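Peer 1: For the protein sequence lines, the chains are A and B, in the order given. At position 79 of the first sequence the residue is numbered 79 (the working numbering), and the sequence of numbers has no breaks. At position 23 of the second sequence the residue is numbered 23 (the working numbering), and the sequence of numbers has no breaks.
FYI, nobody ran anything at the bench for these hints, they're computed from the structure. Just so we're clear, the structure is a prediction, and the values are computed from it rather than from any experiment. Among these hints, one or two may not hold up.
[As the list claims (entries may be wrong)] Just so you have them, the derived chain A footprint on chain B, three or more residues with Cβ under 8 Å:
hint	stretch
1	100-109
2	189-196
3	208-216
4	321-332
C-beta: ideal position from N, C-alpha, C; glycine also.
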Amino acid sequence: MTDDFTKSQSRPLTELKLGESAVIDGLSEHRGAISNRLLDIGFTSGCTVECVGESPLGGMRAYLVRGTVTALRHNDASTILCRSKA
Amino acid sequence: MDNEKQRTVALAGNPNVGKSTVFNALTGMRQHTGNWPGKTVSGAVGTVHTSVGDISLVDVPGAYSLSARSPEEEIARDYICGRSGIGERKAPDAVICVCDACCLERNLLLTLQIMKLHRRVIVCVNLCDEAEKRGITVDFSCLEKRLGVPVVPCAARYGVGLEELTAALSKILMLDDNALPPKFDCADIPITAAELSRECVNEVGDPRVLDRRLDRIFAGKFSAIPVSLFLLAAVFFITLRAATPLSDALSFILGYAEAFAVKACDLLRLPDIVSSAICDGILCVLFRVISVMLPPMAIFFPLFTLLEDFGYLPRVAYTFDNCFCKCGACGKQALTLMMGFGCNAAGVTGCRIIDSERERLIAIITNSFVPCNGRFPVISALLIILCTNLGRGSFFHSALMCSLTLCGIILSLVVSRFLSRTLLHGTSSSFTLELPPYRAPQIGHVIIRSLFDRTVFVLARAAAVAAPAGLIIWALGNISFGGESLLSCFTALLDPIGHLAGMDGVMMCAFILSLPASEIILPLMIMGYECGGTMAPMMSTASLSDFFISHGWSSVTAICAVIFTLVHWPCSTTVITIYKETHSIKWTAAAVLIPTVIGYSICVAVNAVSHIFF
Chain A
1 MTDDFTKSQS RPLTELKLGE SAVIDGLSEH RGAISNRLLD IGFTSGCTVE CVGESPLGGM
61 RAYLVRGTVT ALRHNDASTI LCRSKA
Chain B
1 MDNEKQRTVA LAGNPNVGKS TVFNALTGMR QHTGNWPGKT VSGAVGTVHT SVGDISLVDV
61 PGAYSLSARS PEEEIARDYI CGRSGIGERK APDAVICVCD ACCLERNLLL TLQIMKLHRR
121 VIVCVNLCDE AEKRGITVDF SCLEKRLGVP VVPCAARYGV GLEELTAALS KILMLDDNAL
181 PPKFDCADIP ITAAELSREC VNEVGDPRVL DRRLDRIFAG KFSAIPVSLF LLAAVFFITL
241 RAATPLSDAL SFILGYAEAF AVKACDLLRL PDIVSSAICD GILCVLFRVI SVMLPPMAIF
301 FPLFTLLEDF GYLPRVAYTF DNCFCKCGAC GKQALTLMMG FGCNAAGVTG CRIIDSERER
361 LIAIITNSFV PCNGRFPVIS ALLIILCTNL GRGSFFHSAL MCSLTLCGII LSLVVSRFLS
421 RTLLHGTSSS FTLELPPYRA PQIGHVIIRS LFDRTVFVLA RAAAVAAPAG LIIWALGNIS
481 FGGESLLSCF TALLDPIGHL AGMDGVMMCA FILSLPASEI ILPLMIMGYE CGGTMAPMMS
541 TASLSDFFIS HGWSSVTAIC AVIFTLVHWP CSTTVITIYK ETHSIKWTAA AVLIPTVIGY
601 SICVAVNAVS HIFF
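Bound-form chain A, shown alone (with noise of 0.2 Å):
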């Protein structure tokens, strides 16, 4: 079924709805100082993440992450894989 098969996908953390729960997958490519940090702060694969709000003036989404909430740039988020939750 095509809606499994999506399901199933990894995508970056940019495609998550607002409101939207998802589990992260991993990170798409190291970016250094960026990945470490989001590394840090706890984006780590198997983790869930809940896209909990974007910028009145776009460019940024906030994301809880371990029971925070953390904005980042779209930039930064598109590194981020995550598949939906089973």
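Place chain B on chain A using the hints.
Peer 2: What follows is chain B alone, placed relative to chain A:
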């Protein structure tokens, strides 16, 4: 004192978990605290009295990990692990790991890293009161068993759990090396943290339900910008409305104090020259600085601290990040700009929260475009003169004040954009911005702390500068050189420069002499116009405008004075801070020259336009 035996304990933890609050509660010190990550930028040291003697406690800047990927994290790692070589630092005898009970899982990431390196660790789970309100319960005995180190629940704001923390500290310091548990070992820290959190933390319902609601207002798609503008306007309106009568009352009282000082000098039979130097020089400027500065500061600082404690500031950075991104700057620059409203020097120091070197320089250089608390009352007083001149009321005045501040912010953005296209070429880099949970500010605490810690501090600094500056300008006015006072020679010299920008020599002279503290611009102008003659009496804001008008001020003069007050060189404290932060004469010079040139050019343009049209 036996320094060898004084034990050191490091207080570590993620940013914004209340380390400084715990530190203050344990040491009785008054480090400034606020609800946003990165508030503490350098490690403060204090003393804790315990049953095993005095211990020096180090408040380590917040860090997310010990991998030392940013300057603060490097500092944090040095404090926690010690460092050999240059600037050698002994590893602390113990580490207190402060965690936020509301998001224990993420806090455990750092805690576990520290526990892998250190055997004497105490985990202090702070903000338990907050967690309870959110329906989060932590099983502390389970956590203690799993971690194998003491776990102390705390609500440091209310002093809960601090005795237990001190007791645990004494106990762990007394333990023999052999009696210590082995260093914690786990294969994968993120997985272990998630496991621990699953076992020991219980959440009932959605703990963030209130935050979600508040974020819909303060960071919502349609409401965020109007709300931020409204808050800015409200803060200014309240400050200005409440400050004017207070200022008038203060100048009335200080007028008596001045008359009393003159009488006292007479009674003491001081020589005329000395009593004149004291009364017409030092006291004149000092009292005017106090009456102009104290009321707005005493109102502004508590208001700002309330917003800070509430957790609003990071939301502003979040809302306006795209503006900063388009200007090649970091979104956190919004935070440092807001700190600049309080004091530009503090804003410049705050730029340490920006990781990228290039973006930090941009933030430092453009910080002085927002009016600090020193220039704020000056601009307000000048605008009152303008409004009286134009026959407009206080609402017009507040609106002008707000739009002027917005102009300052926009100018700061424009200059940021210019810098990232030229001198500091580059595009905006990556960063993460934590949006902390909203916390109800402790109103009484905030008012007292901000009054005593910030207001008195800034006022004392201004007063320390105002007294000698008053003496200098008095001397300039009273030392004659071939029939003309030095001051009039000096102002005559500056007259053409001033006239070109719609001002005059006295005003330029006041701007130059107020380099140590912008607060004294107005008193210096008054003294300059009175130039060695009789003292101008203490004036209310209304009579101030008559005074300036009688010295040839037009609306254009007032407008140019306002613009130049908003945009000119930063005060000397800020300049020194910029040098300390950048270690570069070149960038310090840029931070001085860029606003000076821009401010002067705008004044020249305004003056030219006014001559063409009027």
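Peer 1: Each hint should be assessed against the structure and marked as holding or not.
Peer 2: Tested hints:
Interface restraint, the stretch 100-109 of chain B with chain A: holds (6 residues with C-beta to C-beta distance below 8 Å; minimum three). Given a C-beta distance limit of less than 8 Å, the hint that chain A covers the stretch 189-196 of chain B holds, as 4 residues qualify and 3 suffice. With 4 residues having a beta carbon nearer than 8 Å to a beta carbon of chain A, the stretch 208-216 of chain B meets the requirement of three or more and the stated coverage holds. Against chain A, the stretch 321-332 of chain B contributes 5 residues with a C-beta closer than 8 Å to a partner C-beta. That satisfies the three-residue criterion, and the hint holds.
Checked against the numbered hints above, the structure breaks none of them.
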